[in-house]
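Trainee: These are the residues of each chain, in order.
10 protein chains.
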Amino acid sequence: MLFAVRMNVDIPRDFDPEVRADLVAREKAYCQELQRSGEWVHIWRCVGQYANISVFDVAGNEAMHRILWSLPLFPYMTVEVTPLAQHPSDLAAG
Amino acid sequence: MLFAVRMNVDIPRDFDPEVRADLVAREKAYCQELQRSGEWVHIWRCVGQYANISVFDVAGNEAMHRILWSLPLFPYMTVEVTPLAQHPSDLAAG
Amino acid sequence: MLFAVRMNVDIPRDFDPEVRADLVAREKAYCQELQRSGEWVHIWRCVGQYANISVFDVAGNEAMHRILWSLPLFPYMTVEVTPLAQHPSDLAAG
Amino acid sequence: MLFAVRMNVDIPRDFDPEVRADLVAREKAYCQELQRSGEWVHIWRCVGQYANISVFDVAGNEAMHRILWSLPLFPYMTVEVTPLAQHPSDLAAG
Amino acid sequence: MLFAVRMNVDIPRDFDPEVRADLVAREKAYCQELQRSGEWVHIWRCVGQYANISVFDVAGNEAMHRILWSLPLFPYMTVEVTPLAQHPSDLAAG
Amino acid sequence: MLFAVRMNVDIPRDFDPEVRADLVAREKAYCQELQRSGEWVHIWRCVGQYANISVFDVAGNEAMHRILWSLPLFPYMTVEVTPLAQHPSDLAAG
Amino acid sequence: MLFAVRMNVDIPRDFDPEVRADLVAREKAYCQELQRSGEWVHIWRCVGQYANISVFDVAGNEAMHRILWSLPLFPYMTVEVTPLAQHPSDLAAG
Amino acid sequence: MLFAVRMNVDIPRDFDPEVRADLVAREKAYCQELQRSGEWVHIWRCVGQYANISVFDVAGNEAMHRILWSLPLFPYMTVEVTPLAQHPSDLAAG
Amino acid sequence: MLFAVRMNVDIPRDFDPEVRADLVAREKAYCQELQRSGEWVHIWRCVGQYANISVFDVAGNEAMHRILWSLPLFPYMTVEVTPLAQHPSDLAAG
Amino acid sequence: MLFAVRMNVDIPRDFDPEVRADLVAREKAYCQELQRSGEWVHIWRCVGQYANISVFDVAGNEAMHRILWSLPLFPYMTVEVTPLAQHPSDLAAG
Numbered sequence: 001m002l003f004a005v006r007m008n009v010d011i012p013r014d015f016d017p018e019v020r021a022d023l024v025a026r027e028k029a030y031c032q033e034l035q036r037s038g039e040w041v042h043i044w045r046c047v048g049q050y051a052n053i054s055v056f057d058v059a060g061n062e063a064m065h066r067i068l069w070s071l072p073l074f075p076y077m078t079v080e081v082t083p084l085a086q087h088p089s090d091l092a093a094g
Numbered sequence: 001m002l003f004a005v006r007m008n009v010d011i012p013r014d015f016d017p018e019v020r021a022d023l024v025a026r027e028k029a030y031c032q033e034l035q036r037s038g039e040w041v042h043i044w045r046c047v048g049q050y051a052n053i054s055v056f057d058v059a060g061n062e063a064m065h066r067i068l069w070s071l072p073l074f075p076y077m078t079v080e081v082t083p084l085a086q087h088p089s090d091l092a093a094g
Numbered sequence: 001m002l003f004a005v006r007m008n009v010d011i012p013r014d015f016d017p018e019v020r021a022d023l024v025a026r027e028k029a030y031c032q033e034l035q036r037s038g039e040w041v042h043i044w045r046c047v048g049q050y051a052n053i054s055v056f057d058v059a060g061n062e063a064m065h066r067i068l069w070s071l072p073l074f075p076y077m078t079v080e081v082t083p084l085a086q087h088p089s090d091l092a093a094g
Numbered sequence: 001m002l003f004a005v006r007m008n009v010d011i012p013r014d015f016d017p018e019v020r021a022d023l024v025a026r027e028k029a030y031c032q033e034l035q036r037s038g039e040w041v042h043i044w045r046c047v048g049q050y051a052n053i054s055v056f057d058v059a060g061n062e063a064m065h066r067i068l069w070s071l072p073l074f075p076y077m078t079v080e081v082t083p084l085a086q087h088p089s090d091l092a093a094g
Numbered sequence: 001m002l003f004a005v006r007m008n009v010d011i012p013r014d015f016d017p018e019v020r021a022d023l024v025a026r027e028k029a030y031c032q033e034l035q036r037s038g039e040w041v042h043i044w045r046c047v048g049q050y051a052n053i054s055v056f057d058v059a060g061n062e063a064m065h066r067i068l069w070s071l072p073l074f075p076y077m078t079v080e081v082t083p084l085a086q087h088p089s090d091l092a093a094g
Numbered sequence: 001m002l003f004a005v006r007m008n009v010d011i012p013r014d015f016d017p018e019v020r021a022d023l024v025a026r027e028k029a030y031c032q033e034l035q036r037s038g039e040w041v042h043i044w045r046c047v048g049q050y051a052n053i054s055v056f057d058v059a060g061n062e063a064m065h066r067i068l069w070s071l072p073l074f075p076y077m078t079v080e081v082t083p084l085a086q087h088p089s090d091l092a093a094g
Numbered sequence: 001m002l003f004a005v006r007m008n009v010d011i012p013r014d015f016d017p018e019v020r021a022d023l024v025a026r027e028k029a030y031c032q033e034l035q036r037s038g039e040w041v042h043i044w045r046c047v048g049q050y051a052n053i054s055v056f057d058v059a060g061n062e063a064m065h066r067i068l069w070s071l072p073l074f075p076y077m078t079v080e081v082t083p084l085a086q087h088p089s090d091l092a093a094g
Numbered sequence: 001m002l003f004a005v006r007m008n009v010d011i012p013r014d015f016d017p018e019v020r021a022d023l024v025a026r027e028k029a030y031c032q033e034l035q036r037s038g039e040w041v042h043i044w045r046c047v048g049q050y051a052n053i054s055v056f057d058v059a060g061n062e063a064m065h066r067i068l069w070s071l072p073l074f075p076y077m078t079v080e081v082t083p084l085a086q087h088p089s090d091l092a093a094g
Numbered sequence: 001m002l003f004a005v006r007m008n009v010d011i012p013r014d015f016d017p018e019v020r021a022d023l024v025a026r027e028k029a030y031c032q033e034l035q036r037s038g039e040w041v042h043i044w045r046c047v048g049q050y051a052n053i054s055v056f057d058v059a060g061n062e063a064m065h066r067i068l069w070s071l072p073l074f075p076y077m078t079v080e081v082t083p084l085a086q087h088p089s090d091l092a093a094g
Numbered sequence: 001m002l003f004a005v006r007m008n009v010d011i012p013r014d015f016d017p018e019v020r021a022d023l024v025a026r027e028k029a030y031c032q033e034l035q036r037s038g039e040w041v042h043i044w045r046c047v048g049q050y051a052n053i054s055v056f057d058v059a060g061n062e063a064m065h066r067i068l069w070s071l072p073l074f075p076y077m078t079v080e081v082t083p084l085a086q087h088p089s090d091l092a093a094g
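Residue numbers (UniProt numbering), protein chains in the order written: chain F, 1 to 94; chain H, 1 to 94; chain P, 1 to 94; chain R, 1 to 94; chain E, 1 to 94; chain X, 1 to 94; chain B, 1 to 94; chain U, 1 to 94; chain C, 1 to 94; chain L, 1 to 94.
Honestly, I wouldn't trust all of these hints.
Unchecked claim - DEER-style ranges, computed between Cβ atoms:
1. X/ALA29 with P/ALA93: 44 to 50 angstroms
2. U/GLU80 with X/ALA29: 46 to 52 angstroms
3. X/ARG26 with P/VAL9: 45 to 51 angstroms
No lab work stands behind these hints: they were computed from the structure.
Here a beta-carbon is modelled for each residue, glycine too, at the ideal position from N, C-alpha and C.
So here's chain F without its partners, still in its complex pose:
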């Protein structure tokens, strides 16, 4: 089941640089682990923004929530979730 997710990141500007670097590193590791498992299908940077547009392929709403809630950067994010369905014009729809 597919979801488009836009994440806007807003890490406090007076954060300790080490804490921040650690946080960002853990976010990256977490993200890549989910890419390898096939759940985090796409991630793109929005040009000029500390933000990404991602596509997830997960078992359902519960899985989607668990993944987002566990993002190391979750407390510093604004998240928008759009459930997706197959589009009738998609070639893959046959």
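For this one, chain F is given, so just place chains H, P, R, E, X, B, U, C and L on it according to the hints.
Mentor: Structure of chains H, P, R, E, X, B, U, C and L alone, referenced to chain F:
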């Protein structure tokens, strides 16, 4: 070069059904032609909306505009364009 | 899988009363059929609005979209879809 | 009398973890007590959000206000209240 | 039980003047009948707007909805409903 | 001359409890004094909000501003002012 | 008593040109009559907009409403009313 | 004196094609005439939108308004005007 | 050349009272100096708001920016600038 | 490839003046270096705002992102990016 595009469709409700069917058919043909050419990379239906989220891979801004402007449904759409770049957490970023 | 859906209805005011009555009757029949099948779990009227808040329990995003897209009043609605997960404070969460 | 309530939670990120844990625990206890009394009828997590959609069944506006105002997390919430009435398509409407 | 309601009226400008006059007259009669019954407690014109702010005292959500839904001008209104409770600073709160 | 005023209160959450209690007490005293003088005609709590909807009857714009500006909680409020006139459907309009 | 008023005009584009010209002429006459009576103190065109920002000096809310409600273009306007008071930095404040 | 202007065009979709073509041709001629006179300094198409971002260099507010008001497409546009000044980082600022 | 400017002031609430008083005094002096020079033509307090609506008569965009940028309270303000032109209904337009 | 970018700057008001001066100086140097390289084609100050509207001519989305992300003031900015294409009315379009 990648762009995320959200298209919200609003065909007037009192449209002649035949004109409407023709319009929708031409939209689908146009969309699938661009999928085959590799420019319209993804298209998903937003659940519960007459809308889609798409990803395009095109030569640049001029190409992106030409493609959207030529959509048979363009006069009935609200379009949002987000230029994308590679995300540093993307596995493909190596 | 649960979804909260808010539907705001806006039937054109100059609609033929018979067409309108038929449309509303078909909407009601469709809604009650889905209540009987267990997919449309709740429907409440928003006080002072031609709108409802509903809860659906469906197989997934594809099912959710199909149900909403097929609403007789769909062309006259603005629809907001919120995917739901179990809340940790819900008694049913054990 | 029914109300739909959406609560968005925003606990300051630099909160003492113990104070925070205590706060969240008290919120949960309070919520479950009201579920048991039959006033807090539903609570669902919004996927990807520190937010819930709830339905309350209370004696009236005064009771609804007292319950929300007393939420341990109230000072950290944005709350939206929608009064509900029975929907004419609801099977229970007979 | 009290509710504050703001009603913004937007009667189509090309309406037949007689139909319009009749509609406005029926609205006024309905409004005054509810003032006499004690349910429509206050009605004020918003300066420079085709809009009013009203206060209702009704049995509950069902009654509030029925009253608003039956307004002759309801199909031409945007309605905002705010449930009210007694304010602790109100002298009447003792 | 009548004005509807909505006040949303947002006292900083890390305020000294005593300072806060004193502030709230002074707000209440000020509010009740103006109720007694007949200028603060109505005050209602908005259900589920740290907010009120009030109606004032004052000599004019200058008086209205002076009253609001002097509210002990003014620096912690967002205030919306709507000038009111008599509604032609008001029974009191004769 | 002073009010700032912003009026955005939106005359239907398919209006009969003669009806439109007459409407605009009556608006201008009405406006100039109120300038001469000293109630419509200022009127400025907003650059690039079919809109104006005006300042009125009137007896009170009732007068302000009557003037705006009687504008020949009122049914084609969106109106924003801001009650004004003397500013403490105004030289005229002495 | 410089102004940035964003123009969003919304020509009614049921317009007579000839009237529309004539309108668009007159808009283009008008635009190019002002480019030649040096007043319409830049015009860019916004990708995926029936919209442009333009920069004007004119004598002042009166001139800016006259130019925009006279656009053949003005009745079908939403216009946003931003007055500009020299930026201290501009190399041309010396 | 005329501009309407709305300034919303938001001085941090934990400011040192002396620093604040000095800031406000310098703002007032600056404002009155520009009133005397004829550039700050009008200043009105918005009722119930820490805000003003002002009208400036300046040489052009550069002058307008310099004046606003130099306001002692500028770092604590949100500013909205509307360039103005003579209105055809203005009696002064002859 | 062209992009219009609006940057709104919001440097914390309690910043150390030296740190701030250094930041602003580095921003200016960076901006001028990109003007010299031909990538930062235009920069204008928005009147009355700590904001600019800029136009960039870059190789593509990746370059555009890299430039914005590296702005010394980037962590203190809200950035809006609009991809541009040649306008058919542009004289340069031949």
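Trainee: Does the Cβ distance between X/ARG26 and P/VAL9 fall inside 45 to 51 angstroms?
Mentor: About 48 angstroms separates the Cβ atoms of X/ARG26 and P/VAL9, which means 45 to 51 angstroms holds.
Trainee: Using the C-beta atoms of X/ALA29 and P/ALA93, is the stated range 44 to 50 angstroms upheld?
Mentor: 46 angstroms, holds
Trainee: Against the range 46 to 52 angstroms, how does the distance between the Cβ atoms of U/GLU80 and X/ALA29 compare: consistent or not?
Mentor: Cβ of U/GLU80 to Cβ of X/ALA29: about 47 angstroms, so the range 46 to 52 angstroms holds.
The earlier numbered hints are all upheld by this structure, with none contradicted.
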